[in-house]
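*Asks:* When you line the sequence shown up against my numbering, it's residues 1 to 133, in that order.
Don't take each hint at face value.
What follows is a set of in silico ranges between Cβ atoms, one per label pair, in the way DEER data are often shown [what the hints assert, rightly or not]:
1. PRO77 x LYS103: 21 to 29 Å
2. HIS81 x GLU36: 28 to 36 Å
3. LYS103 x THR49: 21 to 29 Å
4. GLU36 x LEU100: 16 to 24 Å
5. LEU111 x ASN72: 33 to 41 Å
These aren't lab readings, by the way, just hints derived from the structure by calculation.
The C-beta atom is built at its ideal place from N, Cα and C for all residues, glycine as well.
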Amino acid sequence: MHAQVMKMKCNVFYGIIKNPAITIKAIGHQWYWTYEYSYYDNSDEQSLTFDRYIIPEDDLELGQLRLLEVDNQVVVPAKTHLGMIITSADVLHSWAVPSLGVKCDAVLVRLNQTTIVSVVNFVELIMPLCLLL
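All chains, please: the whole structure from these sequences, using the hints.
*Replies:* Printed below as a string of structure tokens:
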């Protein structure tokens, strides 16, 4: 019982996003991710949404990395405080940016939050964790 109470306190403390310049929601699906840029235009309260698929091995060009190249890149402003909301639509996924030291699991019916300060260049990796519920 004591361990469960401590876990709840850590989740509440870790999940706070303080005044991000932009919030991006990442939704894990089997074989692809959906990204939603929220609040990019406060005047009409719309969001920009797109799907992101890994490029098949047969379609890779010379110099591209297998399982790391995607059809749509996530673009963020440099040196900006970002809020990330990560969830799943079906199974467990893992979203990570190893160069920034960020990793967050995408769990069905749960919104996990993290904050990062973007730099000029970084590569986002979709970690190989994918479990059926």
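*Asks:* Please go over all the hints and tell whether each is borne out by the structure.
*Replies:* Against the structure, the hints:
{"no.": "1", "hint": "PRO77 x LYS103: 21 to 29 Å", "verdict": "holds (22 Å)"}
{"no.": "2", "hint": "HIS81 x GLU36: 28 to 36 Å", "verdict": "violated (18 Å)"}
{"no.": "3", "hint": "LYS103 x THR49: 21 to 29 Å", "verdict": "holds (23 Å)"}
{"no.": "4", "hint": "GLU36 x LEU100: 16 to 24 Å", "verdict": "holds (20 Å)"}
{"no.": "5", "hint": "LEU111 x ASN72: 33 to 41 Å", "verdict": "violated (22 Å)"}
Taken one by one, the earlier hints fail for this structure at numbers 2 and 5, listed in ascending order.
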